[in-house]
Structures are given as structure tokens and as C-alpha cells.
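J.: Heads up: the protein sequence lines correspond to chains A and B, in order. Under the numbering used here, the first residue of the first sequence carries the number 1, and numbering increases by one thereafter. Under the numbering used here, the first residue of the second sequence carries the number 1, and numbering increases by one thereafter.
You may find that some hints are simply not true.
[Said to hold, decoys possible] Some chain A residues well away from chain B (every beta-carbon gap over 10 Å; in silico):
# : residue
1 : 12
2 : 14
3 : 15
4 : 16
5 : 17
6 : 24
7 : 26
8 : 29
9 : 110
[What the hints assert, rightly or not] One side of the interface only, derived from the structure: several residues of chain B facing chain A at Cβ under 7 Å:
#  : residue
10 : 289
11 : 290
12 : 291
13 : 293
14 : 408
15 : 415
16 : 416
17 : 419
18 : 442
19 : 538
20 : 541
21 : 587
22 : 675
23 : 677
[As the list claims (entries may be wrong)] Using 30 Å as the maximum straight-line C-alpha spacing, the simulated DSBU-like pairs for lysine-lysine come out as follows:
#  : chain 1 : residue 1 : chain 2 : residue 2
24 : B       : 205       : A       : 17
25 : B       : 686       : A       : 17
26 : B       : 317       : A       : 113
27 : A       : 50        : B       : 561
28 : B       : 205       : B       : 233
29 : B       : 205       : A       : 67
30 : B       : 754       : A       : 56
31 : B       : 681       : A       : 50
Because the hints were derived from the structure by calculation, they are not lab data. Ideal placement from N, C-alpha and C gives every residue a C-beta, glycine not left out.
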Amino acid sequence: MKVLVTEYLRIDLDTEKWECRSCNHEIGNARGNYKEGLLVYDREPAEIHKPLLDPKRYSHTYTPNPKWCRILEFYCPNCGTMVETEYTVPGHPPVHDIEFDIDALKAQWATRKPVTERTPGKEPPRHEHHHHGHGHGAAHAPQKD
Amino acid sequence: MNVMPGIATLSVGERKILQDFVDEHQLFYGPDPAIMRNHHLEPRTDMEDAAMKKHDDPHLLNQVRGRVISALSESFRMVEQMGAAPGAKWGDLVTAIFTASGDLSEISPAGIVTFAGVCQYPIKFINKYWTDDPSVGVRHGDGFIHNDSRYGGIHNTDQSMMMPVFHEGELVCWVSSTIHEGENGAIEPGGMPAKAESRFDEGLKMSPFRIVEDFQVKRDILTFLQNSVRDPKLQYEDVKVKLHACIRLMERVRSVIAEFGKDALVAYLRRNLEDTEAEVHRRIAELPDGVVRFNTWIDSTLREPALVKIACAARVKGDRMCMDFRGSSPQLSNRSINAVIGSTKVCFLTGVLQNIWPDLPHNLGVLAAFDFETDPNSLIDANNDAPCAMSLLPMFRTITVATVSFPKFIYGLPDGAKARATVTIAGQYNQPATFVYGGLTQHMDVTGNFCADINGNGQGARENRDGEHSVSPLFGFMCDTGEHELAEEELPMVRLIAQHLARDRVGWGKYRGGLGYEQMVTVRGTNMWGFMTGQSGSWFCSAPGLFGGYNCPAYPIGKVKDVNVFDWFAKEGNAARFPYGIVELMNEQPIEGARYLTADAGMTFELVEEGEIYMICQGAGAGYGDVLERDPEAVMQDLREDLISHESARDIYHVVYDERTLIVDVAATEKARAGERAARKARGRKYADFVADWVTEAPAEDLPYYGSWGDPATVYTGAGAARQMLDAGTIQPIFMADPRDVRIAELEAQLAAKG
Numbered sequence: 001m002k003v004l005v006t007e008y009l010r011i012d013l014d015t016e017k018w019e020c021r022s023c024n025h026e027i028g029n030a031r032g033n034y035k036e037g038l039l040v041y042d043r044e045p046a047e048i049h050k051p052l053l054d055p056k057r058y059s060h061t062y063t064p065n066p067k068w069c070r071i072l073e074f075y076c077p078n079c080g081t082m083v084e085t086e087y088t089v090p091g092h093p094p095v096h097d098i099e100f101d102i103d104a105l106k107a108q109w110a111t112r113k114p115v116t117e118r119t120p121g122k123e124p125p126r127h128e129h130h131h132h133g134h135g136h137g138a139a140h141a142p143q144k145d
Numbered sequence: 001m002n003v004m005p006g007i008a009t010l011s012v013g014e015r016k017i018l019q020d021f022v023d024e025h026q027l028f029y030g031p032d033p034a035i036m037r038n039h040h041l042e043p044r045t046d047m048e049d050a051a052m053k054k055h056d057d058p059h060l061l062n063q064v065r066g067r068v069i070s071a072l073s074e075s076f077r078m079v080e081q082m083g084a085a086p087g088a089k090w091g092d093l094v095t096a097i098f099t100a101s102g103d104l105s106e107i108s109p110a111g112i113v114t115f116a117g118v119c120q121y122p123i124k125f126i127n128k129y130w131t132d133d134p135s136v137g138v139r140h141g142d143g144f145i146h147n148d149s150r151y152g153g154i155h156n157t158d159q160s161m162m163m164p165v166f167h168e169g170e171l172v173c174w175v176s177s178t179i180h181e182g183e184n185g186a187i188e189p190g191g192m193p194a195k196a197e198s199r200f201d202e203g204l205k206m207s208p209f210r211i212v213e214d215f216q217v218k219r220d221i222l223t224f225l226q227n228s229v230r231d232p233k234l235q236y237e238d239v240k241v242k243l244h245a246c247i248r249l250m251e252r253v254r255s256v257i258a259e260f261g262k263d264a265l266v267a268y269l270r271r272n273l274e275d276t277e278a279e280v281h282r283r284i285a286e287l288p289d290g291v292v293r294f295n296t297w298i299d300s301t302l303r304e305p306a307l308v309k310i311a312c313a314a315r316v317k318g319d320r321m322c323m324d325f326r327g328s329s330p331q332l333s334n335r336s337i338n339a340v341i342g343s344t345k346v347c348f349l350t351g352v353l354q355n356i357w358p359d360l361p362h363n364l365g366v367l368a369a370f371d372f373e374t375d376p377n378s379l380i381d382a383n384n385d386a387p388c389a390m391s392l393l394p395m396f397r398t399i400t401v402a403t404v405s406f407p408k409f410i411y412g413l414p415d416g417a418k419a420r421a422t423v424t425i426a427g428q429y430n431q432p433a434t435f436v437y438g439g440l441t442q443h444m445d446v447t448g449n450f451c452a453d454i455n456g457n458g459q460g461a462r463e464n465r466d467g468e469h470s471v472s473p474l475f476g477f478m479c480d481t482g483e484h485e486l487a488e489e490e491l492p493m494v495r496l497i498a499q500h501l502a503r504d505r506v507g508w509g510k511y512r513g514g515l516g517y518e519q520m521v522t523v524r525g526t527n528m529w530g531f532m533t534g535q536s537g538s539w540f541c542s543a544p545g546l547f548g549g550y551n552c553p554a555y556p557i558g559k560v561k562d563v564n565v566f567d568w569f570a571k572e573g574n575a576a577r578f579p580y581g582i583v584e585l586m587n588e589q590p591i592e593g594a595r596y597l598t599a600d601a602g603m604t605f606e607l608v609e610e611g612e613i614y615m616i617c618q619g620a621g622a623g624y625g626d627v628l629e630r631d632p633e634a635v636m637q638d639l640r641e642d643l644i645s646h647e648s649a650r651d652i653y654h655v656v657y658d659e660r661t662l663i664v665d666v667a668a669t670e671k672a673r674a675g676e677r678a679a680r681k682a683r684g685r686k687y688a689d690f691v692a693d694w695v696t697e698a699p700a701e702d703l704p705y706y707g708s709w710g711d712p713a714t715v716y717t718g719a720g721a722a723r724q725m726l727d728a729g730t731i732q733p734i735f736m737a738d739p740r741d742v743r744i745a746e747l748e749a750q751l752a753a754k755g
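For reference, chain A alone in the conformation it holds in the complex:
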């Protein structure tokens, strides 16, 4: 039984491993931090949020301050998919963001059917145009006295 966790991660309950959903690569122990099985890159934020205003003239340019804000990019070591991004302060320990109780997860899924692909959640209800046989929009036209 495999349980989806994010767009790019799942847990194999039998092997108790994190897996990459893009390439099936075994990332690491599901009882541990999936990030430990990924590659990390300290991205210069100006490469992603480019300085749109002239940095020679202006102190603030729509780019984060690199001494305050860094982007940690986490890649699958097998397929190179960017599994997660983490905006953090330089030197701050990367957050252990997902820590599930694997035994409880096994018990929970013992009675559930496997889900291999995510179908998006429900969309909010939208207004439907009804056809009344008397022209588009006529039903909404103000009534004359």
C-alpha cells in the first residue's frame, strides 16, 4: 500500500520508505525526514525574484534581501524534480515539515482502498446558464412594467 503525501511525495507503508512520485525513486525512511534523502541548493533569491528596478539606483527592487532571505530548493536526486522550496533565514535549520506516525498511518489505511493518483478536490459551485428557449440573457433581462 502506498499513500500519497504531496504532489511529488508518497509513503510506501510496506517498505516504510518515502518515494518520489515522479520517478519512483526511494528517498528514505518514512519515519524520518524526507528532506534527508533529497539534494539541497541554496538559491540566490535574485535569480527567481529578479530585480525589476535598477539595483544601482534603488535599495528595494522587488528582490528579497539575500542577507535576510534564502530559497532552499530540494531536488529528487534521481530525476531532478523540485519536490519542495523553503524560504528561510540564512543559517536557520531547514524545517522538518512532515513527520507522520507511520504505525497510525498503517492502521488508518488498513480499511482504505489504495489511491495511486490524486484527483483534484471539489470545485466551488459555479453559476450555470439555463436555456429557456428564448435567447441568451433574456431570462436575466429586467421585466418591463
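Starting from the structure of chain A, add chain B where the hints point.
T.: Chain B alone, transformed into the frame defined by chain A:
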């Protein structure tokens, strides 16, 4: 309860005498922690118990619910149509109904959850303290007003009217109406004083009191309130608007009682809460047991740059979920960005209802199902001395926390799970990106308020489509951004560009966030006008991406000073030369002799001369998923719609295409993306190696840092020699140095260095 020195030496009888004396001679009815810290349902009353035994037919109760929701919707429209405040005109309001005990049971369908959620605190205060007080009392026809956030409120710019509904002399429920009014007589005009250094700088402070008797506004008290603010007409009109919305709501509720009986109404109001709480527990039970952690940093106190941490660990065990905010920044006692715990919890509720479980009834039953842990005297659990005028900064982050933490629990659930109530969504832009203004209008009226642009936050990207541009504020899905032409009729502000989407300011991803729009404004026809802004996120990107998506960019304020753009426009040809975009205007600098500058977008009030230009952006929602998975045709569509530049299409999305025809070279794009994936693998480092080099013991010495680092039990404050390390459980409020004193000291040091 008060803890009295020496009480342990007293006998039981003596203690009772002492306690009775203290209870009967209370010196001051301040905010009551027993009310403000309790987010659970009040115990079921005998009246409710009897009513629920009498009426257990869900169809009947649903019929009652339908009538009440119609009434709430009607009263909401009344306020929206009649309200004078900009907030009222564009949806920043709510009407609501509460049980007799004060629990929020239902809100108007398009209303602001937070306003109704915090309104239950003053109702409970009135129930507890005024009902049996012979000098006050609670009677049919009474209306109580309130705006002090310490008694329940987001900040003091929001005013509520609350009315009890009686049937045959018995209190059966409360109704309310709340508007973001704006002006409240604070140290800065407009109602949200970023400059407030104490609660006494926040202007009008109304603890809950009666302003209406026998359905009539007490004119003497109203006059006092009008004298306490800069816009007495606004104060008068909207007190009446809120009162009459409450009266209409009360009439409708009484007609429900006439048709179905009092017990049916009481049973519905209570069952609505109990059923909702039970449903939330069922949904939590569907989630995996475990912890999801998320950190975010506010990069400004609105007075100085500072990295102010909001830490969160969401813990699920069975059908319980605890939001643990320990390790967040300490309270900053002379800055305006604190929040009291009651407000923090209700903002979290908004995040859950807006982006996770929007199908649930919007009531206290949702919040009651959660537990919270905080550090007292922290930024999101501040004491009653702390100013909260710009509490929006930490509170909006608690909305974000809910938005981006829950998907990691929910994403993998089976299709039929009730917890999968809507699509997964990345962080919506989470800053109050608007101009707050004040001064003398072209009609010679003194006023102060804010622009409805605050309601134009870009939506986060969704798991199956891009986010919507400038769709709503993150705290209310039905608010609008207003009509600038109407505002210009009343105010001496001129929009030089109108809701122009901010090109290349994008939360990138497989699906991109919705963009925000540029606001470029100047002033005309007044000799006294000014602006302030309350955005953070000029150095640290505020809205978080999801599952590999990027955050929104960083947003500054831009200014063109020392020039009158109207004089410049009057010269031949200049109108055609004017670049109607912030980036072009600032980079091309076409207005000769002007001073162009950018700065942190948290700006305290400053006076503006006619024709000077001020510019901010509504922000983008964050991205979802890996940018290399974005459909190249969607990238071309972004180019056609002028949302992004060719440089971004190439560098961020790695799409190869013809710039003239926008025809994608599919094979070359696949090759380019494979190349980028290989480049990632080459530049990425193994986690253990990376962490060994990356992680530091503490924040950099020169970083003005507030909050925990790795261990939530230890909190850092400040920078350099002034930095302290505190035990998170016993943190004390922090007082910041006056930025002017800091600047003077810097300049004096420079002078001293030069001899």
C-alpha cells in the same frame, strides 16, 4: 481569578468572605482572560437542552437555518448599500447571530468571519458583567457598541453593534453588525496607526457599552464618539447603519420565532454549533496522525526592519488537532504589530474556512474543535498593554499557516474523505497592500480611512489551475477592490494607473499564483493630505508556495518626490511620454528634477505635496509545483497577456519558443528542461553535507531577529550587543529603541569617527 498575597494563611471561611468582597467591589472591568482565552463552546444551557429535546427533526431545524441565513444576507446587503465607510461599501463587514450565551452560530454568507468570530467576546463580556449590574442591565431595545480589540476585535478600526433578542422577557440570542470603519482618532489618521507605540496611541477605545436604548441612539454618547474621531459624519452614519441592520435582523429572527416557536430557533442555534464541532472532529480523524511544521517571518515592525518569526507546528492525534505557535517572536510592546490570542485564533479560523473547509457552517463550532498552544507575551498572544493597531501582520500569517499546513495532511486522503472539501491551494498574498490616508478633502472635509485596494490580494495557485488575479483579501472571499472613480469624487486622490497587473511579479510554479496590481496615486486639490502603508514583505517574501512552488516576490514602496506631476503633464507631449507602469517610471525617470526612491513598504504617515507620486503593488499569490512542469502553452498565454517577460519564460520556465510568433519548440523545450533537471542534480548537495555547512548556532550577529531559531524553547531578540536569549515559556515583552534615536546615534558615531 485574582491571586491574593497571603491568601494561603486564611481559613476556608475567611477566604470566601475575602473573595466575595473582591467580587462585589471590582475596581475595573478590564478584558477578562476567562472570556478572551476560551474559544470553546459555552456549556449547553437548560433552555437549549429543553429546546433540543423538543426539536430533534433536522429538516425543521434546517428550515429555520434557511430563514436565519436569508435574514443575515439581507442585513448584510443593508449595511453594504448604506454604509459610509469604504470598508462597508466593498464588503469589509458582517452581520451575525449568536446564542444567548454568546457563541457565534451563523454569519451572513458573504461576511467577514474574523469580525463575527471576535464579536462573541464582547457579547460574553456584556452577559457576564453588565446583565446583572444595576447601573447597566441588558434590555429589549438595547444596542451595545464596541471596538477595543483587547475585549475581542482584530483592531480598533472595526466597530460592532450588538443587540440582544428577547422573547417573552427571556434572552434567546444576540445579533450583531460589524464594519471596518476606518478613522478612529488614532495618532495617525485612517484607523490603523502603524506608529502606535502604546495602546493610548490607538485612538477611540470602546469597551462594550450601551449606546442604544429603546432602539434609539443616545445622542449624548454619540456626540462624544464623534468628537473622538476625525470623521464625525462617518461615525454618525455608520452607527445608525449598523443599528438598523441589527433591528432588521432582529425583526426577522422574531418572525422565525413567531412561525416556528422560540425553541426551534434556540435548538437550531445550538445544534448548528454542536454538529459543526462534531463534523470538524470527524474530518481531523481522517487526517494522518503526526506533525506538520511551518515557519514564516515578518520582515518589518512598520517602524524598522526586523525579522519577526511566526512558528507553527500543527499536531494531529486521532480526532484532535493542536496548533502550536510556541517559539514565535516575543511581544513588541512599543510597536503596533501585536495581536491578542482571541484574535489570533479567529484569524486561524478564517484560514480554515476560506481555503480548507469552506463548506462548513461559519461558526464557533469549527474553532472549538482545535486546541492551541502559545507562549504568553508573544507577538500572537500579547498582553493587554500591547498596541494591536496593525495586528493584521501576524494575524494574516495565521491565515497563511492554515492554508499551507493543512494540505500536507489532506493531499493524500481518499476521494470520498470529507476533509477533502476543496482543491489544494498555495498561499494567497497576505499583506494589507493599500494606502491609508488622511487630511482635508477637496470638499473641505477632514477625513481619514483606507482604500479598498486591500481587498485585491492575488490568489495562490491551485493544484489544477493558476490562481486568480487580485481576487479578494485573504480574510474574506467576497470583498471587492472598489471603484476609484467614486473615491476620487470624495477624496483628493488621483489614480495615475488603474489596476494594472504587475508584470513579472509572480509566484512561479507548475501553476502560478494570481498576480496583484499596481497602485500609482497622487494628490490634487488639497493643501493637507498624507499617506501611510502597512505592508511587510519588502525583503522577505511573505506568501509561501506549495509543493515546490515559489513564494510571491518582495514588494517595496516607490515614490516620485519634489515635483508636481500635474504641472509636468501640462507641458506639451508629456502625457504621452508618461510611462503608465511602476517599473518603467522608476527606471526611465522621465520627470526631470524629481527625486525617485524606493523603500520598505511599511511607511508611517507622511504628508504629500500636490502631484507627488506614491506607488505600491497588490501582491501575487504563491506558486504550486515545480516550474519545469508548467505547460509551455500556459507560459505562452502568460506572455500574450503581458503577465511575464520573455526573460522569465526562458530563465524560470525553461521554454524554447519563437518570441515573435510564440510558437513553442516542443523538442527543444524538453531538452532544455532535461538540461535544467541535470543541472539541479549537479548543483544540489546531499542534505547532511549541506546542513553541516549551512546551519548556524544562532541568527547572524547583525540581524535584528525576534523568535526561536532551531529549538522553539529558546527565543532570540534583537541584534549585536543588545541581543538576548530567552526561555520561550517565560518571555517578557520587548521594548524597541526609537528609530530616530538609533539614527541620531549612527550619525553621531559617524561624526565622532571623523574627529
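J.: State for each hint whether it applies.
T.: To see whether the hints hold, each was checked on the structure:
1. 12: Residue 12 of chain A is indeed farther than 10 Å from all Cβ atoms of chain B, at 12 Å.
2. 14: holds (16 Å)
3. 15: The claim holds: residue 15 of chain A sits with its nearest Cβ about 17 Å from chain B, beyond 10 Å.
4. 16: With a cut-off of 10 Å, residue 16 of chain A remains clear of chain B, as the shortest Cβ separation is near 14 Å.
5. 17: Its Cβ never comes within 10 Å of chain B, the nearest being 15 Å, so this holds.
6. 24: The claim stands: residue 24 of chain A keeps its Cβ more than 10 Å from every Cβ of chain B (closest is about 16 Å).
7. 26: Fine: 15 Å to the nearest Cβ keeps residue 26 of chain A off the interface.
8. 29: holds (13 Å)
9. 110: Since the minimum Cβ distance to chain B is about 13 Å, residue 110 of chain A lies beyond 10 Å and the statement holds.
10. 289: holds (4 Å)
11. 290: Status holds, d = 4 Å.
12. 291: Constraint on residue 291 of chain B satisfied, holds at 5 Å.
13. 293: holds (5 Å)
14. 408: holds (5 Å)
15. 415: Result: holds, 6 Å to nearest chain A Cβ.
16. 416: violated (10 Å)
17. 419: violated (10 Å)
18. 442: Because about 32 Å separates residue 442 of chain B from the closest Cβ in chain A, which is outside the 7 Å limit, the hint is violated.
19. 538: Because about 6 Å separates residue 538 of chain B from the closest Cβ in chain A, which is inside the 7 Å limit, the hint holds.
20. 541: Holds - the Cβ of residue 541 of chain B comes within 7 Å of chain A, reaching about 6 Å at its closest.
21. 587: Interface hint status for residue 587 of chain B: holds (5 Å vs cutoff 7 Å).
22. 675: With a minimum Cβ separation of about 10 Å from chain A (threshold 7 Å), the hint on residue 675 of chain B is violated.
23. 677: With a closest approach of 3 Å, the residue 677 of chain B hint holds.
24. B/205 <-> A/17: Distance of about 56 Å is beyond 30 Å: violated.
25. B/686 <-> A/17: holds (18 Å)
26. B/317 <-> A/113: holds (22 Å)
27. A/50 <-> B/561: holds (25 Å)
28. B/205 <-> B/233: holds (18 Å)
29. B/205 <-> A/67: Given pair residue 205 of chain B, residue 67 of chain A is violated - Cα atoms ~40 Å apart, limit 30 Å.
30. B/754 <-> A/56: holds (27 Å)
31. B/681 <-> A/50: This hinted pair holds, its Cα atoms lying about 23 Å apart.
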